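Visitor: Chains as they are written, first to last, in this note's numbering: chain L, 1 to 348; chain F, 1 to 263.
What the hints contain is simulated information worked out from the structure, not anything from laboratory work. Keep in mind that this is a model prediction, so the values were computed, not measured. Hints should not be assumed to be uniformly reliable.
Unchecked claim - Below, in silico cross-link-like pairs of lysine-lysine (DSS-like), each with a Cα-Cα straight-line distance of 27 Å or less:
hint, chain 1, residue 1, chain 2, residue 2
1, L, Lys177, L, Lys145
2, L, Lys170, L, Lys294
3, L, Lys170, L, Lys2
4, F, Lys72, F, Lys22
5, L, Lys158, L, Lys222
6, F, Lys94, F, Lys114
7, F, Lys114, F, Lys233
8, L, Lys177, L, Lys158
9, F, Lys259, L, Lys201
10, L, Lys307, F, Lys114
11, L, Lys307, F, Lys204
12, F, Lys233, L, Lys307
13, F, Lys197, L, Lys307
14, F, Lys204, L, Lys294
15, L, Lys294, F, Lys197
16, L, Lys145, L, Lys158
17, L, Lys201, F, Lys72
18, L, Lys284, F, Lys114
19, L, Lys179, L, Lys31
20, L, Lys170, L, Lys201
21, L, Lys222, F, Lys72
22, L, Lys31, L, Lys145
23, F, Lys48, F, Lys24
24, L, Lys281, F, Lys114
As the list claims (entries may be wrong) - Some but not every residue of chain F turned toward chain L, in silico, with C-beta under 8 Å:
hint, residue
25, Asp105
26, Met117
27, Val118
From the three backbone atoms N, C-alpha and C, an ideal C-beta is built for every residue, glycine too.
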Amino acid sequence: MKTFAYFDSTHEFPEEIIIASQMNPYKILGKADFSTELADQYIPPFICANARSFLNQAIEESSNWEGIAIAHGCDATNRQFDIWDQHVKTQFLYYIHNPLKTDGIAQRFFIREIKAMITALESHFNIKISLDQLENAIQVSNQIKILLQNLSKLRLTKDISNTEYFDVLKFTVQNPKEKVIPYLESISMDWLSRNPFPINKFPIFLTGSDITHSLWFDLLEKVNLRVVRDDLSIGERYYATLIPTDEDSISNIVNYYLNIPRSSTKHPITPRINYIMNACKTEKIAGVVSQIIKFCETFAYDAPFLKIQLEAIHMPVIHLEREFTENIDQQISTRLEAFVELLEQNQN
Amino acid sequence: MHTVGIDIGSLATKIVLMKDGKIKALLQNRSLHNFTAIGTQLFNQILKDNNLTSDDIGNIYSTGYGRHSISKLTSNIITEISAHARGAQYFYPKVQGIIDIGGQDSKVIKLNPKSFMVIDFQMNDKCAAGTGRFLEVMADALDIPIENLGNLALQSKSPIQISSTCTVFAESEVIGHFAQGTVKQDIAAGIHNSIAKRVASMVKRIQIVEPIVFCGGVALNPAVKIALENELKLKLLVPKYPQYIGAIGAALIAKERLKNGRV
Numbered sequence: 001m002k003t004f005a006y007f008d009s010t011h012e013f014p015e016e017i018i019i020a021s022q023m024n025p026y027k028i029l030g031k032a033d034f035s036t037e038l039a040d041q042y043i044p045p046f047i048c049a050n051a052r053s054f055l056n057q058a059i060e061e062s063s064n065w066e067g068i069a070i071a072h073g074c075d076a077t078n079r080q081f082d083i084w085d086q087h088v089k090t091q092f093l094y095y096i097h098n099p100l101k102t103d104g105i106a107q108r109f110f111i112r113e114i115k116a117m118i119t120a121l122e123s124h125f126n127i128k129i130s131l132d133q134l135e136n137a138i139q140v141s142n143q144i145k146i147l148l149q150n151l152s153k154l155r156l157t158k159d160i161s162n163t164e165y166f167d168v169l170k171f172t173v174q175n176p177k178e179k180v181i182p183y184l185e186s187i188s189m190d191w192l193s194r195n196p197f198p199i200n201k202f203p204i205f206l207t208g209s210d211i212t213h214s215l216w217f218d219l220l221e222k223v224n225l226r227v228v229r230d231d232l233s234i235g236e237r238y239y240a241t242l243i244p245t246d247e248d249s250i251s252n253i254v255n256y257y258l259n260i261p262r263s264s265t266k267h268p269i270t271p272r273i274n275y276i277m278n279a280c281k282t283e284k285i286a287g288v289v290s291q292i293i294k295f296c297e298t299f300a301y302d303a304p305f306l307k308i309q310l311e312a313i314h315m316p317v318i319h320l321e322r323e324f325t326e327n328i329d330q331q332i333s334t335r336l337e338a339f340v341e342l343l344e345q346n347q348n
Numbered sequence: 001m002h003t004v005g006i007d008i009g010s011l012a013t014k015i016v017l018m019k020d021g022k023i024k025a026l027l028q029n030r031s032l033h034n035f036t037a038i039g040t041q042l043f044n045q046i047l048k049d050n051n052l053t054s055d056d057i058g059n060i061y062s063t064g065y066g067r068h069s070i071s072k073l074t075s076n077i078i079t080e081i082s083a084h085a086r087g088a089q090y091f092y093p094k095v096q097g098i099i100d101i102g103g104q105d106s107k108v109i110k111l112n113p114k115s116f117m118v119i120d121f122q123m124n125d126k127c128a129a130g131t132g133r134f135l136e137v138m139a140d141a142l143d144i145p146i147e148n149l150g151n152l153a154l155q156s157k158s159p160i161q162i163s164s165t166c167t168v169f170a171e172s173e174v175i176g177h178f179a180q181g182t183v184k185q186d187i188a189a190g191i192h193n194s195i196a197k198r199v200a201s202m203v204k205r206i207q208i209v210e211p212i213v214f215c216g217g218v219a220l221n222p223a224v225k226i227a228l229e230n231e232l233k234l235k236l237l238v239p240k241y242p243q244y245i246g247a248i249g250a251a252l253i254a255k256e257r258l259k260n261g262r263v
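Whole structure, please, built from the sequences with the hints as guidance.
Guide: Now the structure itself:
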């Protein structure tokens with residue numbers, strides 16, 4: 001199966017269109033070795049390192065992909081399209097605009113955008129994306145989301161490490177969906193047979209910038225913080241809601257993407273905060289870890305508001321700014337360990 | 001019962017021997033490059049100085065930047081946040097807030113007014129501005145010993161403004177002021193005001209209230225205390241042995257955990 005890559009700093013890219021066009025939607029998450037050297041020539045170091053890492057991977061690997069689409073995940077992404085256009089070798093580079101709002105006008109705008117992308121794909125790849133194919137793609141996507149929802153619930157009751165959860169999500173957004181479904185089914189069997197949630201771990205909600213490497217999940221694990229809920233794009237944002245099936249396929253896709261858990265890149269802040277608060281109120285969560293990768297400022301702007309809301313319900317929260325590196329910063333580790341000591345103190 | 005707290009900081013390692021919760025001995029040395037070696041060396045020395053053997057020590061806790069480096073020696077570790085909170089309470093039981101400025105990091109800790117437990121904290125970002133390292137770089141730029149920097153600042157009549165965001169830029173600014181003929185006293189005062197501004201922003205973020213303990217090696221510098229008090233418009237309490245507060249806290253936690261059957 002041919003691979004079609006996409007650069008999406010949240011979960012905005014309608015991958016169902018790519019599934020319907022019989023290609024594998026591959027989410028670009030950067031190289032495993034954190035390299036950004038090639039991209040550093042074109043994007044200055046005060047821009048989010050994730051974005052530089054994605055560009056680095058695209059420069060090196062774009063020949064493996066049939067084409068690349070960029071979604072308007074955040075404004076930084078928007079401004080980088082021209083850089084990709086200049087420096088990434090690909091036969092097909094497409095930018096899809098995602099609306100900021102979710103009202104009727106935004107809905108009509110996004111329908112038009114999706115139709116334009118379908119037309120562009122049909123024209124370039126000489127294919128026809130039928131409504132039946134779109135409906136099938138929605139079914140596949142929903143099947144995957146249901147499997148992930150069920151797996152996610154097991155995080156609260158079973159011994160599932162942070163990295164295992166991340167690896168499942170990463171596999172899901174980078175591999176052909178016909179491989180993903182049996183993979184998730186086998187993982188489900190495995191996780192169901194696991195030991196109960198370990199008593200020495202603190203269940204936490206993880207929010208903030210997207211995490212593209214397992215290293216950060218390992219660090220949380222090491223200090224006994226277990227992620228049981230999150231609102232990350234390589235996380236719950238991807239599967240928390242299902243694509244509706246009550247209207248025509250394109251409207252259903254649009255309604256889905258306008259109603260998923262919101263990122264801080266989309267104003268207003270309220271839906272994002274409500275999602276976190278609701279999880280904290282309904283699940284057994286000991287604390288919230290809010291983290292941003294350096295220069296991912298929109299999450300930093302939200303941090304004080306989030307802290308106030310969480311403190312009002314006596315939910316401990318820590319906000320951290322991390323570097324994009326394979327070396328764990330001792331100061332970050334100290335802060336997380338101190339946060340765990342604070343949770344231990346609350347427990348006693 | 002004896003307990004030991006070892007605070008392995010980025011610049012200095014401090015060790016405290018306590019007996020039944022009272023300070024019996026304190027020692028410190030530069031941390032240099034081998035945290036394990038310096039921690040072990042100070043531990044052996046404090047035992048020798050006090051005619052003790054390791055069997056006499058009920059519990060040993062380490063804290064600080066290199067706290068994980070001496071796991072063979074210690075029974076457990078504790079972060080600098082918890083250690084400083086406990087250590088400050090040893091001298092001032094009703095403390096509500098703590099400002100600790102060490103060699104590589106600075107932190108502000110907020111305590112619950114009723115339970116006196118840690119409820120919030122802030123640490124500086126990965127940056128030397130607002131830390132002891134900043135003062136060291138500035139003392140080098142002024143070509144004076146670090147010990148003299150505080151007293152020099154106190155002689156200033158007209159402090160200059162210096163960037164509080166970056167040590168490298170601040171050093172360039174200092175050199176620029178030299179070129180303009182600014183006297184060292186005014187530059188030194190500007191340096192202290194700069195560090196105070198940086199730390200005050202962390203204090204304001206979590207809004208700690210008096211009584212506030214100021215500790216860490218930098219608390220030995222009277223000019224930083226005055227600059228912070230002026231910036232925050234409140235009084236700071238500097239305990240005896242401010243640079244040992246983390247080690248004292250670690251030794252006290254070691255004692256309390258042992259008493260509760262936990263190592």
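Visitor: If you draw a straight line from the CA of L:Lys307 to the CA of F:Lys114, is it 27 Å or shorter?
Guide: Within the cut-off at roughly 22 Å; holds.
Visitor: When you check the alpha-carbon spacing of L:Lys284 and F:Lys114, does it fall within 27 Å?
Guide: 26 Å, holds
Visitor: Hint check: F:Lys233 vs L:Lys307, CA-CA at most 27 Å. Holds or violated?
Guide: 26 Å, holds
Visitor: Given the hint that F:Lys204 pairs with L:Lys294, test it: the Cα-Cα distance must not exceed 27 Å.
Guide: Holds, at about 22 Å.
Visitor: Compare the distance between the alpha carbons of F:Lys197 and L:Lys307 with 27 Å, and conclude whether the hinted pair is satisfied.
Guide: Satisfied, since the Cα-Cα distance of roughly 23 Å is no more than 27 Å.
Visitor: Hint check: L:Lys177 vs L:Lys158, CA-CA at most 27 Å. Holds or violated?
Guide: Holds. L:Lys177 to L:Lys158 sits at ~26 Å (cutoff 27 Å).
Visitor: Given the hint that L:Lys170 pairs with L:Lys2, does the C-alpha gap stay at or below 27 Å?
Guide: 18 Å, holds
Visitor: Classify the hint on F:Val118 as holds or violated, based on whether any CB of chain L lies nearer than 8 Å to its CB.
Guide: 6 Å, holds
Visitor: Between the alpha carbons of L:Lys145 and L:Lys158, is the straight-line distance 27 Å or under?
Guide: Within the cut-off at roughly 20 Å; holds.
Visitor: Need the status of pair L:Lys307, F:Lys204: alpha-carbon distance at most 27 Å?
Guide: 15 Å, holds
Visitor: Taking only the CA atoms, is the gap from F:Lys114 to F:Lys233 under or equal to 27 Å?
Guide: 24 Å, holds
Visitor: Take the C-alpha atoms of L:Lys201 and F:Lys72, compute the straight-line distance between them, and say whether it is at most 27 Å.
Guide: At roughly 24 Å apart (the allowed maximum being 27 Å), F:Lys72 and L:Lys201 satisfy the hint.
Every hint, counting from the list given before, is met by this structure.
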